[in-house]
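Go ahead and model the full structure; you've got the sequences and the hints to work with.
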Amino acid sequence: MKTLIFDFDQTIADTSALEPLRRARNWSSVYASLHRIKIYPGMLDLLEKGRSKGYRIAVVTNSPRKYCELALSSLGIKADAVVGYHDTSRRKPNPDPVLLALKLAGGTPSESFGLGDTVNDLAAYKAAGVTPVACLWGCVNAKELTMAMPCITVSSALEMLNHLITSPSEV
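105 is the number of the first residue of the sequence shown in my numbering; add one for each residue after it.
To be clear, the hints were calculated from the coordinates, so they are not data collected in a lab.
One or more hints might be untrue.
Stated by the list, open to error - Below, simulated DSSO-like cross-link-like pairs (lysine-lysine); rule was C-alpha separation at most 30 Å, straight line:
hint, residue 1, residue 2
1, 142, 247
2, 247, 106
3, 182, 142
4, 142, 230
5, 157, 106
6, 170, 142
7, 182, 170
8, 230, 247
9, 207, 182
10, 230, 170
11, 153, 182
Said to hold, decoys possible - Pair ranges (Cβ atoms, derived):
hint, residue 1, residue 2, range
12, 174, 224, 20 to 28 Å
13, 269, 124, 34 to 42 Å
14, 139, 248, 26 to 34 Å
15, 270, 130, 38 to 46 Å
16, 259, 224, 17 to 25 Å
17, 127, 266, 31 to 39 Å
18, 247, 207, 31 to 39 Å
19, 157, 255, 14 to 22 Å
Heads up, the beta-carbon is just placed ideally off N, CA and C, and yes, glycines get one too.
Quick look at the structure:
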């Protein structure tokens, strides 16, 4: 089964407004501030088109799953699988969370894309056998991310959407 696996923070949405609260582990204030999260342009279209092309949607984050699930819900996003910080003993860059997401979503690594904004995201996808996609729109260090040798580098969700539309047989 084809799966689109996303990191959450700075890949699906700009969550930087919540970072000070998260660093302080002030989770009640984080949850009360979910309305401050901004979904990246084109992301809803990418998720919708991915589903229409037969992709399952999974999210793998080094954040707590409860936070991610509440944030996704606040953005109107339904995922087939969400794997968070506490769901595996080893986290990205280890492939364990990606492999768990694939298992929960019913995905096959060789038919899946992994989208992320950090070198650790890409390393986890590669180690799990998933095609790594460097997402430049939320990343802190684009040069470092591209030097991690992703199979695909995209500057916007729309660019990834165009890739899914124009090259469906690559996966």
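| query | Within 30 Å, alpha carbon to alpha carbon, are residue 153 and residue 182? | reply | holds (13 Å)
| field | Distance restraint between residue 170 and residue 142, which requires alpha-carbon spacing of 30 Å or less | value | With a Cα-Cα distance of about 18 Å, the restraint between residue 170 and residue 142 holds, given a limit of 30 Å.
| query | Between residue 207 and residue 182, is the straight-line Cα distance small enough, at 30 Å or below? | reply | holds (17 Å)
| request: For the pair supplied as a hint, residue 142 and residue 230, confirm whether the alpha-carbon distance does not exceed 30 Å. | output: holds (28 Å)
| message | With the threshold set at 30 Å, check whether the alpha-carbon distance from residue 230 to residue 247 stays at or below it. | response | holds (18 Å)
| task | Sort out whether residue 170 lies within 30 Å of residue 230, counting only the CA atoms. | result | Holds: residue 230 and residue 170 sit about 26 Å apart, inside 30 Å.
| message | residue 157 and residue 106 were given as a pair; does the straight-line alpha-carbon distance stay at or below 30 Å? | response | Roughly 9 Å separates the two Cα atoms, so the pair holds.
| Quick one: are residue 157 and residue 255 within 14 to 22 Å, going by C-beta? | holds (18 Å)
| Cβ distance range 31 to 39 Å for residue 127 and residue 266, holds or violated | holds (36 Å)
| How does the Cβ-Cβ distance of residue 259 and residue 224 compare with 17 to 25 Å: does it lie in that range? | Holds - the Cβ-Cβ distance for residue 259 and residue 224, about 20 Å, lies within 17 to 25 Å.
| query | At the C-beta level, are residue 269 and residue 124 separated by a distance inside 34 to 42 Å? | reply | holds (38 Å)
| Are residue 182 and residue 142 close enough, with their CA atoms no more than 30 Å apart? | holds (16 Å)
Comparing the model with each earlier hint shows no violations; every hint is respected.
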